[in-house]
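*Asks:* These are the residues of each chain, in order.
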Amino acid sequence: MSDSVPVSLSALIRRRKPGYSLEAPFYTSSKIFERDLEIIFGRHWIYVGVEPDVPEPGDCMVVDIGRISVVVVRDDSMAIRAYHNVCRHRGARLVHEPKTTVGNLVCRYHQWTYGLDGNLMFAEHMGKGFDTSCHNLKPVHLRSLEGLLFICLADEPPSDFDGMAAALGPYIAPHDVRNTKVVKEVDLIEPGNWKLTMENNRECYHCGGNHPELTIPLFAYGFGYAPEEMDEVQREQAGRYACMVRDYSAAWEAMGLPSREIEHLDDRITGFRAQRLPIDGEGESQTMDTKVACRKLLGHLTNPKLGGLTVWTQPNSWHHFMSDHIVTFSVIPLSPEKTLLRTKWLVHKDAVEGVDYDLERLTEVWIATNAQDSELVGYTQEGVRSPAYEPGPYSPYTEMLVEKFCNWYLARLAAHLDDRHAV
Amino acid sequence: MSDSVPVSLSALIRRRKPGYSLEAPFYTSSKIFERDLEIIFGRHWIYVGVEPDVPEPGDCMVVDIGRISVVVVRDDSMAIRAYHNVCRHRGARLVHEPKTTVGNLVCRYHQWTYGLDGNLMFAEHMGKGFDTSCHNLKPVHLRSLEGLLFICLADEPPSDFDGMAAALGPYIAPHDVRNTKVVKEVDLIEPGNWKLTMENNRECYHCGGNHPELTIPLFAYGFGYAPEEMDEVQREQAGRYACMVRDYSAAWEAMGLPSREIEHLDDRITGFRAQRLPIDGEGESQTMDTKVACRKLLGHLTNPKLGGLTVWTQPNSWHHFMSDHIVTFSVIPLSPEKTLLRTKWLVHKDAVEGVDYDLERLTEVWIATNAQDSELVGYTQEGVRSPAYEPGPYSPYTEMLVEKFCNWYLARLAAHLDDRHAV
Amino acid sequence: MSDSVPVSLSALIRRRKPGYSLEAPFYTSSKIFERDLEIIFGRHWIYVGVEPDVPEPGDCMVVDIGRISVVVVRDDSMAIRAYHNVCRHRGARLVHEPKTTVGNLVCRYHQWTYGLDGNLMFAEHMGKGFDTSCHNLKPVHLRSLEGLLFICLADEPPSDFDGMAAALGPYIAPHDVRNTKVVKEVDLIEPGNWKLTMENNRECYHCGGNHPELTIPLFAYGFGYAPEEMDEVQREQAGRYACMVRDYSAAWEAMGLPSREIEHLDDRITGFRAQRLPIDGEGESQTMDTKVACRKLLGHLTNPKLGGLTVWTQPNSWHHFMSDHIVTFSVIPLSPEKTLLRTKWLVHKDAVEGVDYDLERLTEVWIATNAQDSELVGYTQEGVRSPAYEPGPYSPYTEMLVEKFCNWYLARLAAHLDDRHAV
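So the sequences go chain by chain: F, G and L.
Quick note on full-length UniProt numbering: the first sequence kicks off at 1 and runs consecutively.
Quick note on full-length UniProt numbering: the second sequence kicks off at 1 and runs consecutively.
Quick note on full-length UniProt numbering: the third sequence kicks off at 1 and runs consecutively.
Incorrect hints may appear among the rest.
The list treats identical chains as interchangeable, and a pair is accepted whether it falls inside one copy or across any two copies.
What the hints assert, rightly or not - Derived lysine to aspartate or glutamate pairs resembling EDC-like cross-links, with alpha carbons at most 16 Å apart: (1) Lys128 x Glu236; (2) Lys138 x Glu390; (3) Lys128 x Asp231; (4) Lys128 x Glu228; (5) Lys181 x Glu353; (6) Lys128 x Glu229.
Hints were generated in silico from the structure; no laboratory data involved.
Go ahead and model the full structure; you've got the sequences and the hints to work with.
*Replies:* Rendered as structure tokens:
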């Protein structure tokens, strides 16, 4: 496949037609893919997992982003830290298992030994002149947003993480991520560019035709619609849905559960959005029967009917918080045409499998939905490769948040390209 | 493997030594491969299948050429049309199965719905300002030569298709392709550049040593020979073969079956060749016992002993028409070192399997021959990768049509490179 | 993965910090990989196998190095020759099996037939003007060092092969390679750059932590150590080891077995090193019980306790010669991140399996050790890909021969880059 980008990246960014999908090179060019890794994933806050991924001292989780490998580790003081997963001797990868527990971080090659604080404690045969303190592990910035872990690979991370945390924290806190456990984790490799995975997530225009399981708990009118295309009956139904959302929202907020939409997807460096919406049927959870999948509710929650709180962050995550469980998604680019979607299911840390929850019931909706989305991403990747592809129009009623994802993405690329030109 | 082309493509074309195989970059360079897709497969008439591939309204066949996907569809008026297989919304591939039957062409992603005429009939949620007529499928040029389907991906296809159709039509028409059915279709991925697949087809110098099945129906003297290398006996046999060809030819032409060689492989844009030659043994068909494989003959034919009509087109097809069945081959480049050979076997549409024909007997000669050729193509690809490879001489007696293929190919490249320079 | 080399290769060579591992592009860049093939493997003496690989006239062995394929063949006069494995007609690969026996070298495509002397004997249909003598196989330089076969792909091989042969010959000769047979051959594809495979071989700092089998016959003090890090007990043990080496060496030399280290790894074009060291335990062979694995000793040897003679050549080989068997290793780059390690086990040609030797006992130490090293090479490759990798310090006591490998490699690259600039 040709990798030629017909014009410069800056020109591609400038000439983008608002309201339309991106030009093909954004999905196929390996040169732009390298920029995505360098700028988008190299200089922004990237969601990588949850505190319960490393519950105890010495617990490690490895996260690979492009050519970079990071080890996230809980230290003896219970703080979580992140390091480049590279020995300072001859560069061997330090930790190989996706998750493991260690006393110290010992390189298998020549047994160079680092503490959980990243400091080189011991290296044999190096002689007198050798200064261990010059060979500590290289740290990576890490922040926790109420238990959601974000890393930033840049020396100077975007400074607006605190603003996001202040805004999203009250929404997430009642679901008490820190007192959950990860009961299922699935890595799915989608056959498309990472932006197609994100765009697919940013709209539900495709849900009706493709997600028979997910559309059980989700209300169709929540996906958006063009009012002028509706008949009398539909207009009345849509009106009733809007009232329901308003009433539920008010009730939840009265319980101390922030619910109203906050949306800063394309007007800040660390873009985000949150909204709590009612669930159809029994109204409890994103399950096949819309009832809770885990009898033990999260944190101090007692009411199962809390709808679904959706949290999105740019560039690479979304999360569904219900009263009984959380499903959390992180997107990692693998190549211009391959993307890792990592999904984790969390329940209360004291919930007992077989008693409080059944793993299949807990996971079946999103396992099915992810598989369907992966196919759609693949079909789109196949299509946009064609020279016959040209950007098409987004629906102003159902795809406006796809547009905001594209806006954010292009603005972030442009900001860093400008930086470089300035230098 | 290095992809460096030591000199410019124009220089490589200019310095080609007539009568010798091409320099290595033509078989290995991904840059030249891109040119082949763009110029050879992007601006010439490409053979892709037969009318019986889509016998009924709504029948679709997908053809992928490089990054381009085309859907060939029979519409309700029984006309055959071709479109780019890309939704005009967000670019998803429309039709995924190699062959299928549809009512309309509906995109799976968001259900945008196109008629068999390519027009966008329906797209939900797009609002008032949206003009469906600006979002029809993009058409692709398609022509049928007595049932053989050719597409051209260029805006302006070569204008000499009609000339080829006028010349080849009378040869092909008696075999009545439109009233056949495809009873077997095999996709073989050959481990070499597409031009090695074509060159392998353009000579039978290799047949004696490699094709024990195919050389049963084919006469060895039909492969060519150097007269000066023959002894007395061979010379006499060759003379008798020449007389037989002349006599059969005259007899078939008297029956209304054009048989004499017409050859325009390298003197026109849409190169072609046709010739009907006797078959050895029982003289009926390219089978292991040289008798017909299908009792029901094609069209209105009644005489099984019609030899084999071979039709070649540049750049990518060959076909064998016998009294009882047709074998038709299309070649599609997949990568510099991988090529799809798609073979289809056709019999009369009313022939009944198990009664009129046995599928194994029908297909065994060419299934074996294709596998043998694929190995030879692979060996050649492995060899020409070596810096030690240098172009070697073609036999002036058995490889002159390989030379014509190379001539045509280089001339077509050169013509379009010149175009571009002119612009 | 990005292939961009941030600075020129010359600059990378110049700025290399002595005593430190190489910068990442040397292990990851496909551009530098091409230079490695062209300069290091294209212009130096490359170890490819042993005379017993082709014991009889007509025996062939194929060796593939990058895009080049070479056939090594024993001719009727028992001389060993090497040719490019490419037919002079249309470039097909001539010999496909890794090892085979032929009468003549016949191309499968069109039966062009070459003698074992490489001369084209026969080509059909080429007509009167065709001169076979212009179409002989292209020869490749080949030399034998007491039965070890080296080829050089350059027109003008380095002239110092004789010097290496004169120095190493007396060490190797008593083991009589020519009268051995290859009883096991294993191809292992290591997941790393070929230089990581070589560097791994050039030190035993990693042996204690990774090679439980190999460290049975090898003495730990032979791996090197920093004297200032030792306690009283260790110092005494190290002293005793040094005396033992000195005494054994003297005894073996008295028997006519050169044993003292000769080392020219980075001060000549064809770098090499040899040393015979005692074996631990029973002192006989690199086996799990440190006793000979083959009852019939090599050549005219009668004493099983001859330690292990290690021979290294730059850029791509190492060999262990014991009294009873030889293990010989050749390293061939496959891609920037894949390397072939070809290991052969040799015993006396008259030894009988099941009587004189047991194949599992013979091979188990190095099969295990190779698998462990392959993992370490893979971990290092994964780590050096990271932008967080920076060259780390070699131990001056245990990794000085890794340093010499790097020195040799960089000097050889630089010499040929200069050549080119001069031209």
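*Asks:* Quick one: Lys128 to Glu228, C-alpha cut-off 16 Å, is that within a copy, between copies, both, or neither?
*Replies:* This pair counts as between: shortest inter-copy Cα distance 7 Å, intra-copy 80 Å.
*Asks:* How would you label the pair Lys128, Asp231 (within, between, both, or neither) given a Cα cut-off of 16 Å?
*Replies:* For Lys128 and Asp231, only the inter-copy Cα distance (15 Å) is at most 16 Å; the intra-copy one is 84 Å.
*Asks:* Could you place Lys181 and Glu353 in one of the four classes (within, between, both, neither) given a Cα distance threshold of 16 Å?
*Replies:* within (12 Å within a copy, 58 Å between copies)
*Asks:* At most 16 Å between alpha carbons: which applies to Lys128 and Glu236, within, between, both or neither?
*Replies:* neither (82 Å within a copy, 20 Å between copies)
*Asks:* Up to 16 Å between alpha-carbons, please classify Lys138 paired with Glu390: within, between, both or neither.
*Replies:* between (44 Å within a copy, 11 Å between copies)
*Asks:* Could you figure out if Lys128 and Glu229 sit no more than 16 Å apart (CA to CA) within one copy, between two copies, both or neither?
*Replies:* Between copies only: 8 Å across, 80 Å inside.
Of the numbered hints stated above, the single one contradicted by the structure is hint 1.
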